[in-house]
Amino acid sequence: MVFAFMKILIPRALQRGEVIGLVSPSSTCADPAKIEQAVTYLERCGYRVKTSRYLNRSEHDPAHTDRYKLHDLHQMFADREVRAIFCLRGGAGATRLLDRIDYGLIASNPKILVGYSDITALSLAVFRKTGLVNFSGPMAATELYSPSGYTEEHFWGVLTDPGYPKSLVNFSGHAINCVKPGAVTGRLIGGNLSVLSSLVGTPYLPSFSGALLFTEDVNEPAYRIDRMLSHLFNAGLAQTCRGLMFGQFSKNPADENRDYRFDKIFTYYANRMHEGAPVMTGLSYGHIRELMTLPVGARCRLEISPERFAFGAVEAVVSC
Numbered sequence: 330m331v332f333a334f335m336k337i338l339i340p341r342a343l344q345r346g347e348v349i350g351l352v353s354p355s356s357t358c359a360d361p362a363k364i365e366q367a368v369t370y371l372e373r374c375g376y377r378v379k380t381s382r383y384l385n386r387s388e389h390d391p392a393h394t395d396r397y398k399l400h401d402l403h404q405m406f407a408d409r410e411v412r413a414i415f416c417l418r419g420g421a422g423a424t425r426l427l428d429r430i431d432y433g434l435i436a437s438n439p440k441i442l443v444g445y446s447d448i449t450a451l452s453l454a455v456f457r458k459t460g461l462v463n464f465s466g467p468m469a470a471t472e473l474y475s476p477s478g479y480t481e482e483h484f485w486g487v488l489t490d491p492g493y494p495k496s497l498v499n500f501s502g503h504a505i506n507c508v509k510p511g512a513v514t515g516r517l518i519g520g521n522l523s524v525l526s527s528l529v530g531t532p533y534l535p536s537f538s539g540a541l542l543f544t545e546d547v548n549e550p551a552y553r554i555d556r557m558l559s560h561l562f563n564a565g566l567a568q569t570c571r572g573l574m575f576g577q578f579s580k581n582p583a584d585e586n587r588d589y590r591f592d593k594i595f596t597y598y599a600n601r602m603h604e605g606a607p608v609m610t611g612l613s614y615g616h617i618r619e620l621m622t623l624p625v626g627a628r629c630r631l632e633i634s635p636e637r638f639a640f641g642a643v644e645a646v647v648s649c
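End of the sequence shown = 649 in the numbering used here, gap-free, step of one.
Honestly, the hints are just simulated from the structure, not real lab data. Mixed in with the good hints there might be a few duds.
Unchecked claim - In the PhoX-like style, the derived pairs of lysine-lysine whose C-alpha atoms are separated by at most 25 Å in a straight line are:
{"no.": "1", "residue 1": "Lys-440", "residue 2": "Lys-495"}
{"no.": "2", "residue 1": "Lys-379", "residue 2": "Lys-363"}
{"no.": "3", "residue 1": "Lys-336", "residue 2": "Lys-509"}
{"no.": "4", "residue 1": "Lys-509", "residue 2": "Lys-580"}
{"no.": "5", "residue 1": "Lys-336", "residue 2": "Lys-440"}
{"no.": "6", "residue 1": "Lys-440", "residue 2": "Lys-458"}
{"no.": "7", "residue 1": "Lys-336", "residue 2": "Lys-379"}
{"no.": "8", "residue 1": "Lys-495", "residue 2": "Lys-509"}
{"no.": "9", "residue 1": "Lys-336", "residue 2": "Lys-495"}
{"no.": "10", "residue 1": "Lys-593", "residue 2": "Lys-509"}
{"no.": "11", "residue 1": "Lys-593", "residue 2": "Lys-580"}
As the list claims (entries may be wrong) - Quick list of simulated restraints, FRET-style, between CB atoms:
{"no.": "12", "residue 1": "Asp-408", "residue 2": "Gly-375", "range": "15 to 21 Å"}
{"no.": "13", "residue 1": "Asp-428", "residue 2": "Arg-601", "range": "29 to 35 Å"}
{"no.": "14", "residue 1": "Asp-588", "residue 2": "Thr-489", "range": "33 to 39 Å"}
{"no.": "15", "residue 1": "Glu-604", "residue 2": "Gln-366", "range": "47 to 53 Å"}
{"no.": "16", "residue 1": "Cys-649", "residue 2": "Asp-592", "range": "38 to 44 Å"}
{"no.": "17", "residue 1": "Asn-600", "residue 2": "Asn-548", "range": "22 to 28 Å"}
{"no.": "18", "residue 1": "Ala-436", "residue 2": "Cys-649", "range": "17 to 23 Å"}
{"no.": "19", "residue 1": "Pro-510", "residue 2": "Tyr-552", "range": "43 to 49 Å"}
All C-beta atoms in this analysis are idealised placements derived from N, C-alpha and C, irrespective of residue type, glycine included.
Working from the sequences, and respecting the hints, build out all of it.
See below:
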């Protein structure tokens, strides 16, 4: 689906006192105390929390597990009291749900949906099928049980203040590197590279044409990152993007000369982009403590040069 012909749905901004629903479309959390801490944190922030019926339910049979996950996801979108849906954690399993999700239900009940890592599959599929802008950001049992100040500020700013995402500032401890300078505007598409690349060839991957692509990964050696990026180019996708934003690629201990190899890989693929397409590394996005919340599907502008980094949404990502 080409963006020009998509109907874009914008969820309503979250307000204090409203209900946040918790779901677990991917893996379960091995430490239930983190779930309790996340609920306490959200309530302390002024929200009410509703846990889904099968939240964190563990089953060895994926057929049973998927049925529970789908029930909870659909129930939270159907529940008129719930204003936002936060995912518990990533891991694995979300891709199995994509062909059985009721996208009509989601389109009829647009609301905030947040998650990253394995939730990339759900995030991209929801945008592709419904046009609903959703959010690649912190999750209950991985960040929100004890968020850093940076993560907390960005998260609530993006979800509650329509003006906040106009200028998204990188964490001061993450060095920005301009691989290829430029200034462009495009729809923000991306997430975890491993999950995103697994959606190539399926009807759940949004169009890359004219997109601003962002990506990250964790514990993947350089050769696998190279393979996945080459897959996106061989499929004729990445080179149609208007720009590339590489986040934090968490280190694999076995990856020798990692920084040097990653720099060479990112430079190589930057040079395969069309003229004028900016490419940067160091975005505060990934499996990291200081995590930026990104509006998937929103029109954003990136300007990058050796002297300047400016990034933000050019349209509202939540409505008043």
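Against the structure, the hints come out as follows:
no.: 1; hint: Lys-440 <-> Lys-495; result: holds, 20 Å
no.: 2; hint: Lys-379 <-> Lys-363; result: holds, 16 Å
no.: 3; hint: Lys-336 <-> Lys-509; result: violated, 32 Å
no.: 4; hint: Lys-509 <-> Lys-580; result: holds, 23 Å
no.: 5; hint: Lys-336 <-> Lys-440; result: holds, 15 Å
no.: 6; hint: Lys-440 <-> Lys-458; result: holds, 15 Å
no.: 7; hint: Lys-336 <-> Lys-379; result: violated, 30 Å
no.: 8; hint: Lys-495 <-> Lys-509; result: holds, 23 Å
no.: 9; hint: Lys-336 <-> Lys-495; result: holds, 21 Å
no.: 10; hint: Lys-593 <-> Lys-509; result: holds, 13 Å
no.: 11; hint: Lys-593 <-> Lys-580; result: holds, 16 Å
no.: 12; hint: Asp-408 <-> Gly-375: 15 to 21 Å; result: holds, 20 Å
no.: 13; hint: Asp-428 <-> Arg-601: 29 to 35 Å; result: holds, 32 Å
no.: 14; hint: Asp-588 <-> Thr-489: 33 to 39 Å; result: holds, 37 Å
no.: 15; hint: Glu-604 <-> Gln-366: 47 to 53 Å; result: holds, 49 Å
no.: 16; hint: Cys-649 <-> Asp-592: 38 to 44 Å; result: holds, 43 Å
no.: 17; hint: Asn-600 <-> Asn-548: 22 to 28 Å; result: holds, 27 Å
no.: 18; hint: Ala-436 <-> Cys-649: 17 to 23 Å; result: holds, 21 Å
no.: 19; hint: Pro-510 <-> Tyr-552: 43 to 49 Å; result: violated, 28 Å
This entry does not satisfy hints 3, 7 and 19, going by the numbered hints stated previously.
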